[in-house]
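Colleague: If you want the building blocks of each chain, they are given just below.
Protein chains: 2
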Amino acid sequence: MYRSHNCGELRESHISQGVTLSGWVHKIRDKGFVAWVDLRDRYGITQLVFDEDRTSSELLEQARNLGREFVVQVRGEVIERASKNPNIPTGNIEVLVEEVVVLNESQTPPFTIEDETDGGEDIRMKYRYLDIRRNPVKDSLIFRSKVTMEVRKYLSEEGFIEVETPYLIKSTPEGARDFVVPSRMNEGQFYALPQSPQTFKQLLMVGGLDKYFQIVKCFRDEDLRADRQPEFTQIDCEMAFVEQEDILSAFEGLTKHLLHEIKGVDIETFPRMTYDEAMKRYGNDKPDIRFGMEFGELNDIAQHKAFNVFNSAELVVGIAVPGGNSFTRKEIDKLTDWVKRPQVGALGMVYCRSNDDGSFKSSVDKFYSQEDLSKWAERMGAKAGDLMCILSGEQNKVRAQLSALRMEMAERLGLRNPEEFAPLWVIDFPLLELDEETGHYHAMHHPFTSPKPGQLELLDSEPGAVRANAYDLVLNGNEIGGGSIRIHDKETQAVMFKHLGFTPEEAKAQFGFLMDAFQYGAPPHGGIAFGLDRLVAILGGQETIRDFIAFPKNNSGRDVMIDAPSPIDSAQLKELNLKIDL
Amino acid sequence: MYRSHNCGELRESHISQGVTLSGWVHKIRDKGFVAWVDLRDRYGITQLVFDEDRTSSELLEQARNLGREFVVQVRGEVIERASKNPNIPTGNIEVLVEEVVVLNESQTPPFTIEDETDGGEDIRMKYRYLDIRRNPVKDSLIFRSKVTMEVRKYLSEEGFIEVETPYLIKSTPEGARDFVVPSRMNEGQFYALPQSPQTFKQLLMVGGLDKYFQIVKCFRDEDLRADRQPEFTQIDCEMAFVEQEDILSAFEGLTKHLLHEIKGVDIETFPRMTYDEAMKRYGNDKPDIRFGMEFGELNDIAQHKAFNVFNSAELVVGIAVPGGNSFTRKEIDKLTDWVKRPQVGALGMVYCRSNDDGSFKSSVDKFYSQEDLSKWAERMGAKAGDLMCILSGEQNKVRAQLSALRMEMAERLGLRNPEEFAPLWVIDFPLLELDEETGHYHAMHHPFTSPKPGQLELLDSEPGAVRANAYDLVLNGNEIGGGSIRIHDKETQAVMFKHLGFTPEEAKAQFGFLMDAFQYGAPPHGGIAFGLDRLVAILGGQETIRDFIAFPKNNSGRDVMIDAPSPIDSAQLKELNLKIDL
Numbered sequence: 001m002y003r004s005h006n007c008g009e010l011r012e013s014h015i016s017q018g019v020t021l022s023g024w025v026h027k028i029r030d031k032g033f034v035a036w037v038d039l040r041d042r043y044g045i046t047q048l049v050f051d052e053d054r055t056s057s058e059l060l061e062q063a064r065n066l067g068r069e070f071v072v073q074v075r076g077e078v079i080e081r082a083s084k085n086p087n088i089p090t091g092n093i094e095v096l097v098e099e100v101v102v103l104n105e106s107q108t109p110p111f112t113i114e115d116e117t118d119g120g121e122d123i124r125m126k127y128r129y130l131d132i133r134r135n136p137v138k139d140s141l142i143f144r145s146k147v148t149m150e151v152r153k154y155l156s157e158e159g160f161i162e163v164e165t166p167y168l169i170k171s172t173p174e175g176a177r178d179f180v181v182p183s184r185m186n187e188g189q190f191y192a193l194p195q196s197p198q199t200f201k202q203l204l205m206v207g208g209l210d211k212y213f214q215i216v217k218c219f220r221d222e223d224l225r226a227d228r229q230p231e232f233t234q235i236d237c238e239m240a241f242v243e244q245e246d247i248l249s250a251f252e253g254l255t256k257h258l259l260h261e262i263k264g265v266d267i268e269t270f271p272r273m274t275y276d277e278a279m280k281r282y283g284n285d286k287p288d289i290r291f292g293m294e295f296g297e298l299n300d301i302a303q304h305k306a307f308n309v310f311n312s313a314e315l316v317v318g319i320a321v322p323g324g325n326s327f328t329r330k331e332i333d334k335l336t337d338w339v340k341r342p343q344v345g346a347l348g349m350v351y352c353r354s355n356d357d358g359s360f361k362s363s364v365d366k367f368y369s370q371e372d373l374s375k376w377a378e379r380m381g382a383k384a385g386d387l388m389c390i391l392s393g394e395q396n397k398v399r400a401q402l403s404a405l406r407m408e409m410a411e412r413l414g415l416r417n418p419e420e421f422a423p424l425w426v427i428d429f430p431l432l433e434l435d436e437e438t439g440h441y442h443a444m445h446h447p448f449t450s451p452k453p454g455q456l457e458l459l460d461s462e463p464g465a466v467r468a469n470a471y472d473l474v475l476n477g478n479e480i481g482g483g484s485i486r487i488h489d490k491e492t493q494a495v496m497f498k499h500l501g502f503t504p505e506e507a508k509a510q511f512g513f514l515m516d517a518f519q520y521g522a523p524p525h526g527g528i529a530f531g532l533d534r535l536v537a538i539l540g541g542q543e544t545i546r547d548f549i550a551f552p553k554n555n556s557g558r559d560v561m562i563d564a565p566s567p568i569d570s571a572q573l574k575e576l577n578l579k580i581d582l
Numbered sequence: 001m002y003r004s005h006n007c008g009e010l011r012e013s014h015i016s017q018g019v020t021l022s023g024w025v026h027k028i029r030d031k032g033f034v035a036w037v038d039l040r041d042r043y044g045i046t047q048l049v050f051d052e053d054r055t056s057s058e059l060l061e062q063a064r065n066l067g068r069e070f071v072v073q074v075r076g077e078v079i080e081r082a083s084k085n086p087n088i089p090t091g092n093i094e095v096l097v098e099e100v101v102v103l104n105e106s107q108t109p110p111f112t113i114e115d116e117t118d119g120g121e122d123i124r125m126k127y128r129y130l131d132i133r134r135n136p137v138k139d140s141l142i143f144r145s146k147v148t149m150e151v152r153k154y155l156s157e158e159g160f161i162e163v164e165t166p167y168l169i170k171s172t173p174e175g176a177r178d179f180v181v182p183s184r185m186n187e188g189q190f191y192a193l194p195q196s197p198q199t200f201k202q203l204l205m206v207g208g209l210d211k212y213f214q215i216v217k218c219f220r221d222e223d224l225r226a227d228r229q230p231e232f233t234q235i236d237c238e239m240a241f242v243e244q245e246d247i248l249s250a251f252e253g254l255t256k257h258l259l260h261e262i263k264g265v266d267i268e269t270f271p272r273m274t275y276d277e278a279m280k281r282y283g284n285d286k287p288d289i290r291f292g293m294e295f296g297e298l299n300d301i302a303q304h305k306a307f308n309v310f311n312s313a314e315l316v317v318g319i320a321v322p323g324g325n326s327f328t329r330k331e332i333d334k335l336t337d338w339v340k341r342p343q344v345g346a347l348g349m350v351y352c353r354s355n356d357d358g359s360f361k362s363s364v365d366k367f368y369s370q371e372d373l374s375k376w377a378e379r380m381g382a383k384a385g386d387l388m389c390i391l392s393g394e395q396n397k398v399r400a401q402l403s404a405l406r407m408e409m410a411e412r413l414g415l416r417n418p419e420e421f422a423p424l425w426v427i428d429f430p431l432l433e434l435d436e437e438t439g440h441y442h443a444m445h446h447p448f449t450s451p452k453p454g455q456l457e458l459l460d461s462e463p464g465a466v467r468a469n470a471y472d473l474v475l476n477g478n479e480i481g482g483g484s485i486r487i488h489d490k491e492t493q494a495v496m497f498k499h500l501g502f503t504p505e506e507a508k509a510q511f512g513f514l515m516d517a518f519q520y521g522a523p524p525h526g527g528i529a530f531g532l533d534r535l536v537a538i539l540g541g542q543e544t545i546r547d548f549i550a551f552p553k554n555n556s557g558r559d560v561m562i563d564a565p566s567p568i569d570s571a572q573l574k575e576l577n578l579k580i581d582l
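Those sequence lines, one after another, are chains A and B.
Quick note: the first sequence uses our numbering, first residue 1, plus one each step.
Quick note: the second sequence uses our numbering, first residue 1, plus one each step.
Don't read these hints as lab results, they were simulated from the structure.
Careful: at least some of the hints might be erroneous.
It does not matter which identical chain is used: a pair holds within one copy or between any two.
For lysine to aspartate or glutamate, the following EDC-like pairs were computed, each having C-alpha atoms within a straight-line distance of at most 16 Å [stated by the list, open to error]:
{"hint": "1", "residue 1": "305", "residue 2": "365"}
{"hint": "2", "residue 1": "452", "residue 2": "428"}
{"hint": "3", "residue 1": "579", "residue 2": "187"}
{"hint": "4", "residue 1": "256", "residue 2": "158"}
{"hint": "5", "residue 1": "280", "residue 2": "314"}
{"hint": "6", "residue 1": "375", "residue 2": "158"}
{"hint": "7", "residue 1": "334", "residue 2": "116"}
{"hint": "8", "residue 1": "126", "residue 2": "516"}
{"hint": "9", "residue 1": "490", "residue 2": "105"}
{"hint": "10", "residue 1": "361", "residue 2": "333"}
{"hint": "11", "residue 1": "397", "residue 2": "297"}
{"hint": "12", "residue 1": "498", "residue 2": "457"}
{"hint": "13", "residue 1": "508", "residue 2": "491"}
{"hint": "14", "residue 1": "217", "residue 2": "231"}
{"hint": "15", "residue 1": "256", "residue 2": "420"}
{"hint": "16", "residue 1": "27", "residue 2": "543"}
{"hint": "17", "residue 1": "508", "residue 2": "563"}
{"hint": "18", "residue 1": "27", "residue 2": "115"}
{"hint": "19", "residue 1": "138", "residue 2": "116"}
{"hint": "20", "residue 1": "256", "residue 2": "331"}
{"hint": "21", "residue 1": "146", "residue 2": "158"}
{"hint": "22", "residue 1": "397", "residue 2": "314"}
In isolation and in its complexed conformation, chain A is listed as follows:
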């Protein structure tokens, strides 16, 4: 038996008890006549004491020779601390050591095992097993485990069944790129790793399982943007005999449960907003509604004056930055530079100060009267002391630009409080999305999403106008979940595939099994999938997902700790009937 207690549990009530502890040497303080060692494990830190009066000189010497991150087992007696440490739960006691056994030595770690470490990202990834010893990473992993357990408890109690769907499935060129797996037993053929269990969960509904969920790894071979991983985890859910309202209600329930259990936050009802409204009010289909700065559209009051930049724009739109009138001219110039960065892409920015005396001062004063500007202020909800920032141009672009500015201003003004939670349903998404490069429409959610009743006919005449029974759950400006009511009849599915550019033969080759299934009594069904990595990070008050993944990959898709991917044996290649062709 390596320990009678862990390093986080001893209290004053244990004083005088003999105990055995095991853990890592976190810190050593040697005062000559006395030495203290902080012994650390997952559960906490316990102070060990060795001193000239009560410890043999051999033992004291042994303590002095311990190194950082040595693994030791100690036997001793719990005693009261002379100088207590109120910052840790074990701070009232220490263990007077009678015996030390070194279980394993350690080289000096390449970075300090502290909350604020001196190690950079790369070295911490290479030695991820040491990084995990640090509280911020360890606590994130424990937090993730707690969240997934709560998800499972809630959904199980609601009658959902967790079903494992296969990982070795079929490659479909639609959507993102698949990772593929060559089959040795079926020569020249490949499995694909699932981008999501979408078709399988639909088949489970055809199979009558009624309520399904799964916490499941999914795979996408994409060029990795920052904070994306080639493998990621979804909470994948599907229900039969449901309309959109049933799904929203069921998963609002789940999210409320998580906020309550995990964060102690209670939210009565989640607000809802159509996609169109979200785009109009926030320029974004995942608005952060923890703060205001809603868009004010100015076309009717800012156009048809002498300012040609606005006159020629499809959309003139602005936000009022609270307290922004305190910005200096130089600060405003910097802000203009910020929106002109290629990542944002605005051509320029018009500003208008809202002074305390009710007057306005804008960069376009020569084109607009005080009365004009007062209308602008009203439209944007600008109060005295605010700064109005106005962009103009092509509607979709200018909305994206102003949305970026709104988020940036919120960040700078400290309005994005990670301990405040503002969920929002965004509903009525477009069914199709125009790919500006190819000029083709593709499915905004996925090809199995059902159009709103009666809108199927619009597909030919006005495809971009068709709205879907599709919805996203947004939390603090991040899409944490998205789903739809699915198509459940073969004819509608065939129409959808046609509009997405599949020939009937292609549709049959790739999704024939699903179309077949729809002919054998497919019930109405729909579902949702949550991005677990992101959900956990946001609940944990973080912006990046990496600390919530035990062994993440870098932006080239590499695991630098185990050094994967890597070349394989030529014998392995031969068995798979493959040749590398660089």
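Here the structure of chain A is known, so what remains is to put chain B in place on it, guided by the hints.
Modeller: Chain B only, in chain A's frame:
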């Protein structure tokens, strides 16, 4: 809203209520003036009634036109049944239908959706979504979900953290064959899918997580034996600062919990047996101890007589089949043929009847006296009325043959009661196993298993004699879990790799990250992994795992429903820098 109630919940207390149900048309009985429809969903079956007196003729006609597996929504009133059906929970009521909406039609399914279906294995696999509608499959999937939830609840409450380890890892030629995944972003390089998260869970222990578990998919590209799947699920567990006893105790706790919660079976303490003892008493390292028929070794009493077959054998060993004296001579001859089948491989079988009058009658009477045979009976524990079956030959082979016979006899005698549960720890496994083909030793468990203290030195002189801190949990003659205390220092690990035929360079290239990790304060640790598919099947009282897997693959590793694996686009191949080379 598609339904006010499901098809399993209406009772007499609902009589007179208006309800809306949705489900599948399970059966239609048309008596002319009255028609009954059994409406089915996941939760049960509710009888719908349409009759001339109370139903419009249009509606009655509509009911008659429904087909099997049509998906319908009905509105009606709950009424008391005239002729009650005590076999189903809803058998006291029926719903007098006022309105039927056909939500989806169905072609005639290719097999009946009944507990005993007329569909063969192949057709049911192709239409798995229909097979899942059948109770035996549906209930198995629900059962699996319940078991995994109980595993998670128990382990979470015991302080285990569920951590997701990566699926895209590094290929290691050791052990079974890996499935590999070509990397597009790292040209000419491959990921591998994990055969188990072994090294990652060990790194989590190095990382201080202390108690880890994960229910996780694992992958092995093996030629598939019956009832093996290329992807399978493990309950994977690891603990730090533990000795073998701590692991046995922790996971005996888990297994007891499952037996109690899932089966209502309480078992005080699991018996333990060394590997050597299991081989000696049952000829098998996973003995089914629900019944006796223990091996009696006869060398000292059956050799050195005139029977040369026994004299020349390394081992003479038999079992007493309870009540086997009732077998006719013809039946015994058939049994002899059975052990001589190539799958068993015995050269012959000696038998000895134990008569009710205390006399013996054997096939080798001319070589052995009644006194000799009485000693045999004593050794095998044969009682009056039993039949002794004796095999002889090379020890390992004859043990395997007699074990096969023992299991067969138990099967025929009905001694393998699926509702009886007999767990057993088998401990002290050999560290290494001789591969008879190559003459090399390989790791019996895996290369990370630690030898028993003080036995490392034996590796050079007598490798087959070294015993490991390795253990299996056996349930009803199946290995449901196996694990070991791991090596946690670099030197021992290097010695192990050397004995397994790795050069130091190979060891470093493949497992350098683990050996590195051991130099930074690796704690003593160990673990276990349960085969979930098998565990669930046994708890469910079944021998085969297939019904407990939603979408299993066939023996060629194919998913015949989605038709995977399949060829992929040449463009996809090109992106991956691969050429097919048949």
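Colleague: Please go over all the hints and tell whether each is borne out by the structure.
Modeller: Going through the hints against the structure:
no., hint, result
1, 305 with 365, "within (12 Å within a copy, 121 Å between copies)"
2, 452 with 428, "within (8 Å within a copy, 65 Å between copies)"
3, 579 with 187, "both (13 Å within a copy, 12 Å between copies)"
4, 256 with 158, "within (14 Å within a copy, 26 Å between copies)"
5, 280 with 314, "within (13 Å within a copy, 87 Å between copies)"
6, 375 with 158, "neither (51 Å within a copy, 64 Å between copies)"
7, 334 with 116, "neither (32 Å within a copy, 75 Å between copies)"
8, 126 with 516, "between (48 Å within a copy, 11 Å between copies)"
9, 490 with 105, "between (65 Å within a copy, 11 Å between copies)"
10, 361 with 333, "within (15 Å within a copy, 109 Å between copies)"
11, 397 with 297, "within (14 Å within a copy, 86 Å between copies)"
12, 498 with 457, "within (13 Å within a copy, 71 Å between copies)"
13, 508 with 491, "within (13 Å within a copy, 58 Å between copies)"
14, 217 with 231, "both (6 Å within a copy, 14 Å between copies)"
15, 256 with 420, "within (14 Å within a copy, 43 Å between copies)"
16, 27 with 543, "neither (31 Å within a copy, 55 Å between copies)"
17, 508 with 563, "between (40 Å within a copy, 12 Å between copies)"
18, 27 with 115, "within (14 Å within a copy, 65 Å between copies)"
19, 138 with 116, "within (13 Å within a copy, 51 Å between copies)"
20, 256 with 331, "neither (41 Å within a copy, 68 Å between copies)"
21, 146 with 158, "between (18 Å within a copy, 13 Å between copies)"
22, 397 with 314, "within (10 Å within a copy, 85 Å between copies)"
The structure fails hints 6, 7, 16, 20 (numbered hints given earlier, in ascending order).
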